[in-house]
Amino acid sequence: DQQVKQNSPSLSVQEGRISILNCDYTNSMFDYFLWYKKYPAEGPTFLISISSIKDKNEDGRFTVFLNKSAKHLSLHIVPSQPGDSAVYFCAAPANSGYALNFGKGTSLLVTP
Amino acid sequence: DAGITQSPRHKVTETGTPVTLRCHQTENHRYMYWYRQDPGHGLRLIHYSYGVKDTDKGEVSDGYSVSRSKTEDFLLTLESATSSQTSVYFCAISWDKFVYGYTFGSGTRLTVV
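Residue numbers (this note's numbering), protein chains in the order written: chain A, 1 to 112; chain B, 1 to 113.
These aren't lab readings, by the way, just hints derived from the structure by calculation. Yeah, the Cβ is synthetic: ideal placement off N, Cα and C, and Gly gets one too. Honestly, I wouldn't trust all of these hints.
To be verified - To give an idea of the chain B side of the interface with chain A (calculated C-beta under 7 angstroms), a few residues:
no.: 1; residue: Leu43
no.: 2; residue: Tyr48
no.: 3; residue: Gly105
no.: 4; residue: Ser106
Model the full assembly from the supplied sequences, consistent with the hints where possible.
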């Protein structure tokens, strides 16, 4: 059973607008969350992370928000650019504590 | 990423044959991981290693084995390949579990016919 859920397989946004990608998790003990970005034919690359002691972390155009009571996090991209078109994965620690569990991913398309 | 390489990049093999995928790192990271990526399933953990000769199973380990005889190499073996193991396989490394994120390799596309 997936502990990290990304319920939107795809999202299309116009260039310059905001992209919001969502992720839900089931384990309230999770204390760290990460977002990865993946282009076709490449490995995923680390994008941004957030600790459970925070509710927001910002890095340039990318901001991750964490709502612990709702067990929900979101990635905001402002403004969206065509180069942001990729698959975005949300991740959280596995029960073992040694590895990450990933969501199924959301494919973002930013149109000019 | 230059610090992690996967080989081969592409492979086609027949059902029932053993296959070994190699992950090589030059970063001296302690932790290494094998994931597979499939449409509709995202990235799923197969096996991981937390040191030389220290490995453990992930969520989809059936039909796979791993070995890590030295820090820089982590091998994934499909003991008898099946069509359900057709996938893209990614290796990842990390110096401190996951907190600072993984570095992924470029992937191996495996087709079992």
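So, going through the hints one by one against the coordinates:
1. Leu43: holds (4 angstroms)
2. Tyr48: holds (5 angstroms)
3. Gly105: Hint on Gly105 of chain B: holds, closest Cβ of chain A at ~5 angstroms, below 7 angstroms.
4. Ser106: Holds, because the Cβ-Cβ distance from Ser106 of chain B to chain A comes to roughly 5 angstroms (cut-off 7 angstroms).
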